[in-house]
Amino acid sequence: MTNNRYKILVIEDEENLAAVLSTLLEGAGYQPIRAGTCALALTLYASHRPDLALLDLGLPDADGMRFLREVRRENRTPVIVLSARSNERDKVEALDAGANDYVTKPFSSAELLARIRSALRTFGPQEGRKPGAKFVLGDLSIDYEARRVCIRSQDVRLTQTEYNIVAFLSEHCGKMMTYSAIAKGVWGYFDEGCVKRLQVNMANIRRKFGVRLGENRYIANELGVGYRMNGERDE
Amino acid sequence: MRKLHSAVRGALCTAGIFALAVLLCVLLQRLNVPEHITTVIVFAVFLISLLTDGYVFGVVSALLGALAVNYAFTYPYFALDFLTPVNLISAGVLLTIAVLTGTLTTKLKRQEAARAEAEAERTRANLLRAVSHDLRTPLTTIYSASSTLLDRRDTLPPARQEEILRGIREDAEWLTRMVENLLSITRIDSGAVQILKAPTVLDELIDSVMTKFAKRYPGQAVRVEIPEEIVVIPMDATLIEQVLINLLENAVLHAAGMTELCLRVRVQGGKAVFEVADNGCGIPEEQLSALFSGLAPGAGAADGRRRSAGIGLSVCATIVRAHGGAIRAENRREGGAVFRFALQTEGEMDAEV
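So the protein sequences, as listed, match chains A and B. At position 53 of the first sequence the residue is numbered 52 (this note's numbering), and the sequence of numbers has no breaks. Counting from 1 along the second sequence, just add 684 to a position and that's the residue number in this note's numbering.
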């Protein structure tokens, strides 16, 4: 039976793209449910309770943001936004409204599937930090109790702020966090200067982690939007 | 801000030239050749009118000049005399020179601005023409390839089918890049040349550039050299990212025989100098001048298929210009080409924040 497959709600009004996405998802072993309007998406969401939603922001009957806000009122179902590059502000707005991630159109099938896997894996019911918990991502590990970060069992000497940022991102692993979300999580507020401070810290963290520029290990850098702790190795 | 800057510059220029002229006059008087004093003052007024904006400084220096000549350098010495016809005439001549020179230079400057405007308009038109032409080629491929697949799928061997599908993907990727470039241009060209600059840490910019570039050209290694210290540069990061990706991509597509591609940034006197250098075939001298205009003759000859170099590069030029800089290309002595532009830095920041 197909009942144990992950259900993915595909909210996209462009018929051709919706068809391709459905085929792609089916081929990858998911069960796609198609919705071409915001109203239909909300109905289908209520009746099917999907495990994840792919959301195009430009829908014919309403802004895709409405779907996101409605869902986020009570649910933490992962939502991945399909966005066009020109709208950086839209991306940030969607992420701040609770979207987990976004992929920029046009995207490759491999890229989309990787994000879906990552979102499903890290957004199970087990989110949240248990006492004495450790975070492990490949050869990177974080001991929250001791506030220690290790790479290949080697201690990485981070400053307070650097540690707080890494810990914050790891707690939301797999989710794209906007500059403002990180700043609020780390410093408690967000203003103009925060982006620069954050970027300076991230540059230092990357150097201390021994990650080359463009290598994209551990933490993905979406310039102008935010950062994401990778939820999946070798992405 | 700009007006104030121009006024300060004008005032300094006027004071400097005038002081020099008076010094020279005093010298001439000491040497007992006072007949050239008026000439020196006339020349000074002319220079000031030429080098400053508008009429104000020219007219002021003409009046000052007339007073100085009248007071110090003509009989009766160290007294003002407005009745001697010679003094009145020299005052008149000085004023006329100041006003005429001011009028002429203002007119010239206006003409220059108009010419620059026309030049920009022409670049835009060239770009549009090139773009529409360039869009058609990949669209044709995609259209005919997908039609072929739909109509004759059963008769085509799998290898052929795969080849056609790959062609479709390649051209779609190319169209994507073209659209990205066009979007960047519209972001700048919509009316006022106004971009939103935000302080950006160099590491983060280069990291993002390298990630995106590696996604497109996984096989192409790039040597990255950036300063040890943290450098902050105010910029529209999306646009500058586009410039660097375009330059790297340009090298991949057009630098035939390239074995090393290098992205270098160094800080020099408050400026971050960006360099993309390859050791490929270089750029023919006759193309260097038209490289950024959007209509590089024979651009794309290196691979015989793509003519997109002109557009990518003119997008670079537009973006860098909007940041108040200029982009240059030259051939390296050791072979290959280098593209270079500079942006103002914000100054270095403490590593510990």
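Please keep in mind that the hints were generated in silico from the structure rather than gathered at the bench. Glycine is no exception: its CB is placed at the ideal position from the N, C-alpha and C atoms. Don't take each hint at face value.
Stated by the list, open to error - Below, simulated EDC-like cross-link-like pairs (lysine to aspartate or glutamate); rule was C-alpha separation at most 16 Å, straight line: (1) A:104 <-> A:12; (2) A:104 <-> A:87; (3) A:104 <-> B:959; (4) A:6 <-> A:62; (5) B:899 <-> B:933; (6) B:896 <-> A:214; (7) B:896 <-> A:191; (8) B:881 <-> A:191; (9) B:881 <-> B:1030; (10) A:104 <-> B:864; (11) A:104 <-> A:89; (12) A:207 <-> A:191; (13) A:104 <-> A:13; (14) A:183 <-> A:95; (15) A:207 <-> B:1018; (16) B:881 <-> A:110; (17) A:207 <-> A:95; (18) A:207 <-> A:154; (19) B:899 <-> A:95; (20) B:955 <-> B:1014; (21) A:207 <-> B:913; (22) B:899 <-> B:857; (23) B:896 <-> B:857; (24) B:896 <-> B:846; (25) B:899 <-> A:214.
Unchecked claim - Examples of chain A residues toward chain B, derived with CB under 7 Å: (26) 32; (27) 108; (28) 195; (29) 199; (30) 202; (31) 209; (32) 212; (33) 213; (34) 215; (35) 223.
Cross-check of the supplied hints:
1. A:104 <-> A:12: Given that 16 Å is the threshold and the Cα spacing comes to 14 Å, the pair holds.
2. A:104 <-> A:87: At roughly 12 Å apart (the allowed maximum being 16 Å), residue 87 of chain A and residue 104 of chain A satisfy the hint.
3. A:104 <-> B:959: Cα-Cα ~30 Å, so violated.
4. A:6 <-> A:62: It is violated: about 23 Å lies between the C-alpha atoms, which goes past 16 Å.
5. B:899 <-> B:933: Cα-Cα ~12 Å, so holds.
6. B:896 <-> A:214: 10 Å, holds
7. B:896 <-> A:191: 26 Å, violated
8. B:881 <-> A:191: This hinted pair holds, its Cα atoms lying about 12 Å apart.
9. B:881 <-> B:1030: Status holds; Cα separation ~12 Å.
10. A:104 <-> B:864: The hint holds at about 11 Å.
11. A:104 <-> A:89: Given pair residue 104 of chain A, residue 89 of chain A holds - Cα atoms ~13 Å apart, limit 16 Å.
12. A:207 <-> A:191: Measuring from Cα to Cα gives roughly 26 Å; hence the hint is violated.
13. A:104 <-> A:13: 13 Å, holds
14. A:183 <-> A:95: Holds, because 11 Å separates the two Cα atoms, which is no more than 16 Å.
15. A:207 <-> B:1018: 36 Å, violated
16. B:881 <-> A:110: Roughly 30 Å separates the two Cα atoms, so the pair is violated.
17. A:207 <-> A:95: 29 Å, violated
18. A:207 <-> A:154: 10 Å, holds
19. B:899 <-> A:95: It is violated: about 27 Å lies between the C-alpha atoms, which goes past 16 Å.
20. B:955 <-> B:1014: 20 Å, violated
21. A:207 <-> B:913: Holds, at roughly 13 Å.
22. B:899 <-> B:857: 12 Å, holds
23. B:896 <-> B:857: 13 Å, holds
24. B:896 <-> B:846: Status violated; Cα separation ~26 Å.
25. B:899 <-> A:214: 11 Å, holds
26. 32: 27 Å, violated
27. 108: 11 Å, violated
28. 195: Holds. Min distance 4 Å.
29. 199: Residue 199 of chain A check passes; min Cβ-Cβ to chain B is 5 Å, inside 7 Å.
30. 202: Where the cut-off is 7 Å and the nearest Cβ of chain B is about 4 Å from residue 202 of chain A, the hint holds.
31. 209: Cβ of residue 209 of chain A sits 14 Å from chain B, so the hint is violated.
32. 212: 5 Å, holds
33. 213: 2 Å, holds
34. 215: 5 Å, holds
35. 223: Holds. Min distance 5 Å.
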